[in-house]
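So you can see what is in the structure, the chains are spelled out below.
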Amino acid sequence: MNAAIRGFEGIGRRSAGFFDQVGYGSALFAASIYWLLIGWRRRQPVRIRMIFHEMQQIGVAALPIATLLSGTIGLMLAIQSLYSLGLFGAEAYAYIGIALSVAREFSPLIMAILVAGRSGSAIAARLATMTINQEVDALQVMGINPVRYLVTPVVVALALMLPCLAMWANLVSELTAGLYVSASLNSSLGAFVNDSLTVLKTGDIWHGIGKATLFGVLIALVAAVNGSSVSGGAEGVGRVTTWSVVQSICMIVVADMLFAYIATR
Amino acid sequence: MESTEAQLEAQHHIAALRAESTAQRPTEAELMARPKVIEVDHLDFSFGARQVLFDINLDVRAGEIMVIMGGSGSGKTTLLRHLVGLMPPQPGKVKLLDKDMGSLKPNQLMDLKRKIGVAFQFGALFSSMTVAENVKLPLRELTNLEEKTMDIMANLKLEVVNLSGFGDLMPSALSGGMVKRASIARAIVMDPKLLFLDEPSSGLDPVVSSALDDLILKLREAMDISVVVVSHDIDSAFKIADRITVLDQGHILASARVEEIRSSTNERVQNLLNRRSVEAEVDPAEYLRRLTGD
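Those sequence lines, one after another, are chains A and B. Quick note on numbering: my numbering labels position 259 of the first sequence as 259, and the sequence is numbered without any gaps. Quick note on numbering: my numbering labels position 7 of the second sequence as 7, and the sequence is numbered without any gaps.
One chain only, chain B, in its complex shape (with noise of 0.2 Å):
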């Protein structure tokens, strides 16, 4: 019975996704109009004495794509690890389908984790499990599902990402690309309400990298998830993007739809989006300290 259900709601999501993404960006007051699943409110962060974030203010909405863009160095990995409940905010405030993150007990926040799914830069897949395994890890350890429930939720998440026939490799024997899809697939396995992305077109080829921003786009529309999207891929952010926070030397610089962004007056929000790079403004004092350690 069991086996049956989960049958039939992955053809479900195979029969979106294979169909053509018709989607067309909401408007803004369509996009307003919507809950909130994630909000982050006056958030600060310092590694020691360096501070990496400053005063973050950003809020997602349900069934948005939010890319966080930003240059080396400039945070955004730290809010994600924030937002996906790696670093406890000090001091500040990020709600996740509104829960406090910072006020819930551990259980809680593993209850709430439950309903997020995160596919990092690198994969993070079990060597020592094959893509099957791996796929299958979060259903094993946190379901009571039968063994032949998980198999075929597996491969269903596995065609969905198109590796279909390649869950008995180990993940050593997958491409890059392939790495990053059978991610996803192990972040989607738990039909997750929210979906975060670490730099997903990184180190990938462009024609692999826009076959990946159409899986994004096709997923959030099959499964009706909000997206959140750490990339420095300017092209990439453009396709798939309702929103764009552009994240610099940890402080917000703008946040914005597409189109504002793109004619965004900001100097450095500009050089960003036009891969021109900026000397960094150094405080001589500042430097000396850090050098010194005084």
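Chain A on its own, in the form it takes in the complex (with noise of 0.2 Å):
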């Protein structure tokens, strides 16, 4: 009897801590919005600096890996096609699975998951230490205001950074899929990247823009509500980079569910 009163305990003691964790995000989304349009009313305006800073962490610097792993996904995918569609005959269509795959799918997600692992992670890293150091007190006392100073460049860039970075998995992947394609079929790469084009439409990378963007607020989010509610010295974060990077990628998957319904309804 009481082993199963604590079980109900902890369920509930879990989904108090979740929603009071969906609530510190979504206030840290508003305050981070407001620092942006209002901040230079207060003389704390977000520095473009900051920004350009983080953008150059995020998404230069992350181009190579990009590139490796999405041409990986793009040869991935026109493997997957011509086997599937080979089974009906119908190997000359591949290029319609794979070019809505890649724009509306698999660029937005693979770029998503490959962010929270790489800058998530850092991110929640990051604020965790400076929190635990003192860091973080230490602007509050200067009249800086951490959210503005510390979160507001995070969401921005990564709203802005990841789209780009599906952008360019979309040119890489229908690239490599395009090589094989044309390769095992006898046809030109020309035809494959014509065909492909018909096929997409600009709702169709409008749909992996968005779900970039979306990806990416939630990856600063998470990051930022990991890494200021750290506790427990480094042990401490060690455990929220690791909460980050889980959360990040449980929440993209959730989120990208809901938005394909959503939008193709």
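Everything labelled a hint here was simulated from the structure, so no lab data went into it. Hints are all accurate, no fakes.
Per label pair, the in silico range of CB-to-CB distance: (1) B:Ser46 / A:Ala16: 16 to 24 Å; (2) A:Tyr261 / B:Ser72: 50 to 58 Å; (3) A:Ala122 / B:Ser46: 31 to 39 Å; (4) A:Asp20 / B:Asp205: 40 to 48 Å; (5) B:Asn162 / A:Arg14: 49 to 57 Å; (6) A:Ala122 / B:Pro284: 48 to 56 Å; (7) B:Pro106 / A:Phe18: 21 to 29 Å; (8) B:His42 / A:Phe259: 47 to 55 Å; (9) B:Lys99 / A:Arg14: 36 to 44 Å; (10) B:Asp205 / A:Phe18: 46 to 54 Å; (11) B:Thr143 / A:Gly10: 44 to 52 Å.
Computed footprint of chain B on chain A, listed as stretches where at least three residues anywhere in the stretch have a Cβ under 8 Å from a Cβ of chain B: (12) 36 to 45; (13) 134 to 147.
In this text, all values refer to a predicted model and were calculated from it rather than measured experimentally. The beta-carbon is built from N, C-alpha and C at its ideal position, and this holds for glycine as well.
The task is to assemble the complex, starting from two chains supplied on their own in separate frames and drawing on the hints.
Given below as structure tokens:
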């Protein structure tokens, strides 16, 4: 009986904790938008220099690994498409599935997972370390709003750079898939690209960009919530870093499903 | 133009700092004639069910050095966090420079915080920035000064704390005493009216600690600021303080001038001054309640 009560108590506590974090994340998002729009009137503008710095770290520095991953995804999709469509003798239509799935699904999803692991964890670790070392307290007593200084640049940078990475992934995946398909079907890369462009609508590209922007904001907020709620020294930093990646990926997958459902209604 | 003014002002500070400190402790009457710059009224604070501060009443006068002393867990850091606005008073009142911190809007609180400087126990320097960048941070974020002016002001403040030439180093390359001094340089870069120092001498050898005490005295003279120091270093407190407030288990045991604290007949104050450990009085029922969490 006691075990059952403890079990329910645990579920209740975790649920309350989850809603607490969602509320805190929402407040951080609102505060970020506030400082972005109103900060200059409060003599605390969000520095463009810091946004560019974050964009460089999150986006430009991730280009090599993003290229490698998206190239591999393009190849994998081409291989699978040719195999599955080959069962019906429809290999020539592989470009349809590849073009749509890359632009609408794979590029934003894979880039978001990559950025969550690469940058989300780094942001959470940085904020957690700053919290433990009283650097966040130091900002507060100087009269510098920590959300404006630490969180807003990250939110903006992720919201801008993840769509850019997704667009880059579109190009690379299409290219590697096109090379494989054209080589396998003895056709030209130009024909593959042309066919793909006839299938792809502007709405498909916007679908991917919209998702990537949403994922970027989610990664930033999850990292900020985890980083700023750290406790327990170095071990705590490790814990929130891991949690940040796990939560980001879970939220990305759930948001992806919801976004796809709403956008295709 | 801006650069020249900043340079002249800072050179004035440095000249004052290089001169031997000749200031005598103000008399009781002199001290009480000065305006209050900090007022704490009936401040209580609890972490959950555990009360940490009990009915704290305190005032600090303009140009005064007030040392808040107490053993570990006495509540002095929690009190400091209230004084610098990191914790809202609940209930009670904390007034800085005649402004009630509990009733200020967030942007008014931000403005007030520009008039105070805080040096944390472990420095709280930003590890990703050089020492000079750390010192320049408040100027960069809170003013519209030109880069050249900020460089001059940061270098002069570093000179004030004897760290000129160390501006390009990262905080990780500094010794404990240098980190504390760099932290003080950052705290005074905006020329605050109030300076708060959390355990400035902890972890330092006696020579470095004594030099830091001299720096605090000279800063007060040169910049005409009020200083609140949280410390458990008795020698340092007697050297720099105009008044000492002794905290014990969240209560103010005594708040008086140095000589009065030295000659206090309060047993717990004497125990603290003579570094005698005291068995804490434990209420068995309360202890059991805390263990079981009921």
